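**Student:** Here is what each chain is made of, one letter per residue.
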Amino acid sequence: MPKQDFSTSTQPDMCVDLNGLTLKNPITVASGTYGFGREYAEWIDLNILSAISVKGLTLEPREGNEGRRIVETPMGMLNSVGLQNPGVHYFIENEIPFLRSYDLKIIANINGNTIEEYCQMAELLSDADVDSIELNISCPNVKNGGLAFGTNPAVVQDVVKRVRKASKKHLIVKLSPNVTDIKEIARIVEAEGADCISLINTLSGMGIDIYKRKPFLKRGNGGLSGPAVKPIAVRMVYDVHSAVKIPILGMGGISTGEDAVEFMLAGASAIAIGTANFANPLAPKKVLEGLTQYLKQYHYDAAKKLTGDLRI
Amino acid sequence: MPKQDFSTSTQPDMCVDLNGLTLKNPITVASGTYGFGREYAEWIDLNILSAISVKGLTLEPREGNEGRRIVETPMGMLNSVGLQNPGVHYFIENEIPFLRSYDLKIIANINGNTIEEYCQMAELLSDADVDSIELNISCPNVKNGGLAFGTNPAVVQDVVKRVRKASKKHLIVKLSPNVTDIKEIARIVEAEGADCISLINTLSGMGIDIYKRKPFLKRGNGGLSGPAVKPIAVRMVYDVHSAVKIPILGMGGISTGEDAVEFMLAGASAIAIGTANFANPLAPKKVLEGLTQYLKQYHYDAAKKLTGDLRI
Amino acid sequence: MGFLGKVKILEKKVLQDDVFQWIVERPETIETLKPGQFFNFTASSTGYPLLKRPISISYFDEKQIEFTVKVLGTGTEVMSHLAVGDEVEIMGPLGNGFDQGSFHRVLIVGGGIGIAPLKGLLESGNLSVEQTDCILGFRDAPYLLDAFQKCVAHLEVVSENAEGYRKGFVTGPLEEHLNSGVYDMIYSCGPEAMLKQVAKTCNERKVPVQLLMEEKMACGVGACLGCTCKTKSGDFGFKHVRMCKEGPMFYGSEVIFDA
Amino acid sequence: MGFLGKVKILEKKVLQDDVFQWIVERPETIETLKPGQFFNFTASSTGYPLLKRPISISYFDEKQIEFTVKVLGTGTEVMSHLAVGDEVEIMGPLGNGFDQGSFHRVLIVGGGIGIAPLKGLLESGNLSVEQTDCILGFRDAPYLLDAFQKCVAHLEVVSENAEGYRKGFVTGPLEEHLNSGVYDMIYSCGPEAMLKQVAKTCNERKVPVQLLMEEKMACGVGACLGCTCKTKSGDFGFKHVRMCKEGPMFYGSEVIFDA
Ligand SMILES: Cc1cc2nc3c(=O)[nH]c(=O)nc-3n(C[C@H](O)[C@H](O)[C@H](O)COP(=O)(O)OP(=O)(O)OC[C@H]3O[C@@H](n4cnc5c(N)ncnc54)[C@H](O)[C@@H]3O)c2cc1C
Ligand SMILES: Cc1cc2nc3c(=O)[nH]c(=O)nc-3n(C[C@H](O)[C@H](O)[C@H](O)COP(=O)(O)OP(=O)(O)OC[C@H]3O[C@@H](n4cnc5c(N)ncnc54)[C@H](O)[C@@H]3O)c2cc1C
Ligand SMILES: Cc1cc2nc3c(=O)[nH]c(=O)nc-3n(C[C@H](O)[C@H](O)[C@H](O)COP(=O)(O)O)c2cc1C
Ligand SMILES: Cc1cc2nc3c(=O)[nH]c(=O)nc-3n(C[C@H](O)[C@H](O)[C@H](O)COP(=O)(O)O)c2cc1C
Ligand code: FES
Ligand code: FES
Chain A
1 MPKQDFSTST QPDMCVDLNG LTLKNPITVA SGTYGFGREY AEWIDLNILS
51 AISVKGLTLE PREGNEGRRI VETPMGMLNS VGLQNPGVHY FIENEIPFLR
101 SYDLKIIANI NGNTIEEYCQ MAELLSDADV DSIELNISCP NVKNGGLAFG
151 TNPAVVQDVV KRVRKASKKH LIVKLSPNVT DIKEIARIVE AEGADCISLI
201 NTLSGMGIDI YKRKPFLKRG NGGLSGPAVK PIAVRMVYDV HSAVKIPILG
251 MGGISTGEDA VEFMLAGASA IAIGTANFAN PLAPKKVLEG LTQYLKQYHY
301 DAAKKLTGDL RI
Chain B
313 MPKQDFSTST QPDMCVDLNG LTLKNPITVA SGTYGFGREY AEWIDLNILS
363 AISVKGLTLE PREGNEGRRI VETPMGMLNS VGLQNPGVHY FIENEIPFLR
413 SYDLKIIANI NGNTIEEYCQ MAELLSDADV DSIELNISCP NVKNGGLAFG
463 TNPAVVQDVV KRVRKASKKH LIVKLSPNVT DIKEIARIVE AEGADCISLI
513 NTLSGMGIDI YKRKPFLKRG NGGLSGPAVK PIAVRMVYDV HSAVKIPILG
563 MGGISTGEDA VEFMLAGASA IAIGTANFAN PLAPKKVLEG LTQYLKQYHY
613 DAAKKLTGDL RI
Chain C
625 MGFLGKVKIL EKKVLQDDVF QWIVERPETI ETLKPGQFFN FTASSTGYPL
675 LKRPISISYF DEKQIEFTVK VLGTGTEVMS HLAVGDEVEI MGPLGNGFDQ
725 GSFHRVLIVG GGIGIAPLKG LLESGNLSVE QTDCILGFRD APYLLDAFQK
775 CVAHLEVVSE NAEGYRKGFV TGPLEEHLNS GVYDMIYSCG PEAMLKQVAK
825 TCNERKVPVQ LLMEEKMACG VGACLGCTCK TKSGDFGFKH VRMCKEGPMF
875 YGSEVIFDA
Chain D
884 MGFLGKVKIL EKKVLQDDVF QWIVERPETI ETLKPGQFFN FTASSTGYPL
934 LKRPISISYF DEKQIEFTVK VLGTGTEVMS HLAVGDEVEI MGPLGNGFDQ
984 GSFHRVLIVG GGIGIAPLKG LLESGNLSVE QTDCILGFRD APYLLDAFQK
1034 CVAHLEVVSE NAEGYRKGFV TGPLEEHLNS GVYDMIYSCG PEAMLKQVAK
1084 TCNERKVPVQ LLMEEKMACG VGACLGCTCK TKSGDFGFKH VRMCKEGPMF
1134 YGSEVIFDA
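Chains as they are written, first to last, in the working numbering: chain A, 1 to 312; chain B, 313 to 624; chain C, 625 to 883; chain D, 884 to 1142.
Some hints here could point you the wrong way.
[Stated by the list, open to error] To give an idea of the chain A side of the interface with chain B (calculated C-beta under 7 Å), a few residues:
#1 T73
#2 P74
#3 T151
#4 T180
#5 M206
#6 R213
#7 N221
#8 P227
#9 A228
#10 V234
#11 Y238
#12 V261
#13 E262
#14 L265
#15 L310
#16 R311
Derived from the structure by calculation, the hints contain no laboratory data.
Fair warning: this is a prediction, and the values are worked out from it, not measured in the lab.
Beta carbons are placed, not taken as given, at the ideal position from N, Cα and C, and that holds for glycine.
Throw the hints in and build the complete structure from the sequences for me.
**Tutor:** What follows is the structure, given as structure tokens:
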């Protein structure tokens, strides 16, 4: 971009609305990449963020996966953390109060082994001081042979329907990208009453240690994230935007303001930063500044007008 | 790797067999990235290659897609070439003789709008001097609303069955990675009599020009390839290897000898280099040398013993 | 014979904040070079960015080749950090280059960094011409004017923003020049919008114009079909030809520009 | 307060083909530093490789911090090209660092590049010890022996391949030393296989040992849970703790090594 100074232009309205969840700006951080905010509070002013999706919660505490959990790949990374977390009860008692000392919305990312577990967590969180529940349906479905909930349309329908009943909270459903037809899944999620769709979760990938001749990760597969997956994520956001009316929280490889603009033009109403936080803890600030500059340069008076605003 | 000299060790047997297609070494080049070999002949000795999968052929000549065709992405690229090619007749008359002046196997990559077109091409090629036919089922199925042939199990079954009947040639079926369950597709392909499976084709992706506010590519979507997709490709090769007995020609982001080893350990019997040729026309040489050095260092007397040789 | 390998950077000049020049040693195996041809540069030894960067020859002789580079994104940014004595991997020469020959009067029309290959044409080409005139356009402050001044009879410079030059685009002066009716060959390189305008203006007046075009490239050698543009011919009423192989020079009369 | 930003490289030493040292300016905002802590380095300004690279402090004072780096892959390779005067982005200090205090006799056991933080402990730490002995192991030629020689009473060096040193691993000399029964604290850093062996040997003899461990890291601050190791505690009979936050120093008695 030409290095012009737009600081004198009027500040665009950064506020966006995810169908009931109002955000002061479109920049959130992605589940699993930000813990419960504590660790990054030393490095960046958390008040910059409009929301945090906290580390994936389970009903009971979990110690997560054994062995190596991280593999760097070309402009991406594989992770196999395995949902290590202190459990939803601990979260409610100990983490919410901390997060409430900041001006940001709290999104509780929930993960079940069974539909019942999802519902139990949704109920528990209904009475808790969270602003939204993010239903992560990418986790392996233990009752269904380990295949992710999110890849089977019938199971998606069932879990969203029942969680929707279990809680009145703002409900985001987070889609797995490991599917043939993301639009089909998105339509089901919308029909079952989700308020918002977030995507993409990580892509299923693998790395092999050729010197030890085994996969780097004990389970073989891990979840691929980071800039490498951005083109896939943008395509999916675009596809889902063309298929449903509910707003989209877009993510997958975002690390600059330009990336955020790209996701919003593709159809996202807000975006989340995940892996980029690791490479640069100031990424949310950088993204927010870059986005704001773009809005000024292209004369948008409100961030929300960027969503889906393609010239085609 | 420690910088040791293994030049004095005995040369491992590099020959591999793809279920009837014998290759002098595991290094081939991927369809669409090497034209018909002519252009790279100035830059690398084509005799290094064990096979070339030629630019995707169609029944009639095609001019391909309009507008920009290439978008660079983080450690990857999107392409939307749209199968520009001189048609299968021209290929048989003009390109085969050229390629036959080199010591490499010729794989004819075929692409149809309809199953009938696939069959017609397979028949034509039955009498032509090619060593194998690679059925690319990632192309949009015009009769089926533009969704790729390769993503619908029933359609995959139909097209493989009929092409298998139409030609006695060695038959490779190239899988699309844009599916929920690659194993299911692989099993069908094996059951219908394919001799070999190649994967992965490109992942569906998109890039948006935020300054012009439209997708870089006229059709919106393009195919993602390059190192960025390697972890996804390795995972799919591993999955398919666990699901079928026929050999696998692995590809997706391979650019070094270590990458080739990784794919072979995951289950590939041979590998193809695609996008890496653009970054380094000597990539096939580098990959072959790296692979050979690894075999010596780890005391493999034959390349074929590497396939699936994981310690798990 | 093409050359693929490393060459040493012998000299480096910084022309502007974001424009620099390298002189590299000319590999002995390169027999012929033509103005308008380009080399593909490995921007970084780390493998990122992934694809090579095409850069035109802006001067060459028996011993040396010069490149003039504008820093736009990561690739050229990384390149700009290399210093004299460092090595850089290049591949080329690639592309067809300019058609040269004997002309009565030649007009050079360059925009922005597109002036680089035109400099190469004037300084290292073998045009046989009675008089060469030149129009150069810049968005901001001009550069390399001396080099052009030395080679041409009349030089006109326009800029969108810089003070002290005629304001605007090259198209105004171009029409004025062409109205004189004296030119029998135009050479042009610059942003696509400019080339489209130049082609239109020249085509209307039936003056032959050689356009040095630009498109994103992957292989640079004609194998990937990633860099095509449309020309008027073939069975479909048009043909997709490769900028890196059949181009990057096309005649204004043959190119079909995107709408 | 942690520091995240660029610092200038004041000095650079090349110790071996693939081992170099940087001295950088110590940012004023860093109040305390502890041996065994590390900084996370942005290897390249291009964004590739993606993740930061953790490097231990190998010396520090009020004005400067020293790092000793072994070139292994792309990240450290890119770093090795930076020169005096260049800036590098660092983030830290991170991790717990070594526990210090008063001991009778301390044994330092280092392997390969793992000797770097041990150098930091000896040169910049505040151990109060009657006598410190040291065993260093290398695959090939040793480096930094002078630095250790200066700080310890007895230095023993082993190498797998280099001539002129006792052949083998640190474990032989370690057992001999421990059999004397005089040590009341062991500090160790090196490859995982070595640490596992060191921990076992010390645990058997009930000698306390501080292990500086290494695991692939993504965030470096405790947020991603990517760098865990197992310790003996918690509801499950073990607990996954973060190397970057609760570590990288763990006592031999608390770590459970992978089978
Ligand atoms: C045949 C040929 C010859 C060439 N010769 C030369 C030459 O002699 N000298 C020379 O300097 N270049 C030349 N080029 C162009 C050169 O190859 C590119 O400038 C270079 O590849 C850019 O690489 P990069 O990695 O720096 O930028 P990239 O990262 O590839 O991208 C360009 C940057 O521009 C930004 N951008 C794109 N559109 C806009 C917009 N509308 N507004 C603001 N920002 C935008 C992008 O975000 C990106 O950061 C030539 C190209 C070709 C095809
Ligand atoms: C807390 C902590 C402190 C550290 N302190 C230091 C320090 O002070 N100094 C220091 O130098 N390092 C230190 N390290 C290690 C350092 O972070 C890594 O060496 C560095 O990140 C490697 O990055 P890279 O990009 O160079 O290599 P990478 O690209 O990340 O990978 C390492 C390379 O080794 C290759 N490889 C892996 N296994 C084998 C094998 N068995 N045989 C052959 N090749 C193999 C891989 O292919 C790869 O090329 C520390 C690490 C941690 C966690
Ligand atoms: C280390 C790590 C842990 C993650 N854990 C979770 C999780 O618990 N729940 C979830 O829904 N997504 C999780 N994700 C996925 C991210 O929230 C995000 O969808 C994905 O990483 C893509 O965005 P990115 O490329 O910006 O990282 C995790 C990602 C990473 C890298
Ligand atoms: C420019 C380009 C054109 C391609 N054309 C074809 C094609 O015609 N037929 C086909 O089966 N695959 C085609 N592919 C896919 C490659 O053969 C290969 O499957 C894919 O690029 C993954 O490998 P890579 O990451 O090494 O490039 C093409 C890929 C690229 C980059
Ligand atoms: S860039 Fe590949 S054909 Fe021109
Ligand atoms: S590296 Fe993220 S928790 Fe340690």
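**Student:** Is the shortest C-beta separation between E262(A) and chain B less than 7 Å?
**Tutor:** 5 Å, holds
**Student:** Would you settle whether the hint for N221(A) is holds or violated, based on the nearest Cβ-Cβ distance to chain B being less than 7 Å?
**Tutor:** At 6 Å from the nearest chain B Cβ, N221(A) passes the 7 Å test, so the hint holds.
**Student:** Going by Cβ atoms only, is R311(A) closer than 7 Å to chain B?
**Tutor:** OK, holds: R311(A) within 7 Å of chain B, min 5 Å.
**Student:** Let me know if the C-beta of P227(A) comes in closer than 7 Å to any C-beta of chain B, holds or violated.
**Tutor:** 4 Å, holds
**Student:** Closer than 7 Å between Cβ atoms is the bar; does L265(A) clear it against chain B? Give me holds or violated.
**Tutor:** Check passed: Cβ of L265(A) comes within 5 Å of chain B, closer than 7 Å.
**Student:** Let me know if the C-beta of A228(A) comes in closer than 7 Å to any C-beta of chain B, holds or violated.
**Tutor:** 4 Å, holds
**Student:** Does V261(A) hold up as a contact with chain B if the rule is Cβ-Cβ below 7 Å?
**Tutor:** Holds, because the Cβ-Cβ distance from V261(A) to chain B comes to roughly 5 Å (cut-off 7 Å).
**Student:** How about L310(A): closest beta carbon in chain B under 7 Å, or not?
**Tutor:** This interface hint holds because 6 Å falls under the 7 Å limit.
**Student:** When the nearest CB of chain B is found for T151(A), is that gap smaller than 7 Å?
**Tutor:** With a minimum Cβ separation of about 5 Å from chain B (threshold 7 Å), the hint on T151(A) holds.
**Student:** Min Cβ distance, T73(A) to chain B: is it shorter than 7 Å?
**Tutor:** 5 Å, holds
**Student:** Is the hint on Y238(A) kept, meaning its closest Cβ partner in chain B is under 7 Å away?
**Tutor:** 6 Å, holds
**Student:** Take the shortest C-beta to C-beta distance between V234(A) and chain B; is it under 7 Å?
**Tutor:** Check passed: Cβ of V234(A) comes within 5 Å of chain B, closer than 7 Å.
Checked against the numbered hints above, the structure violates none of them.
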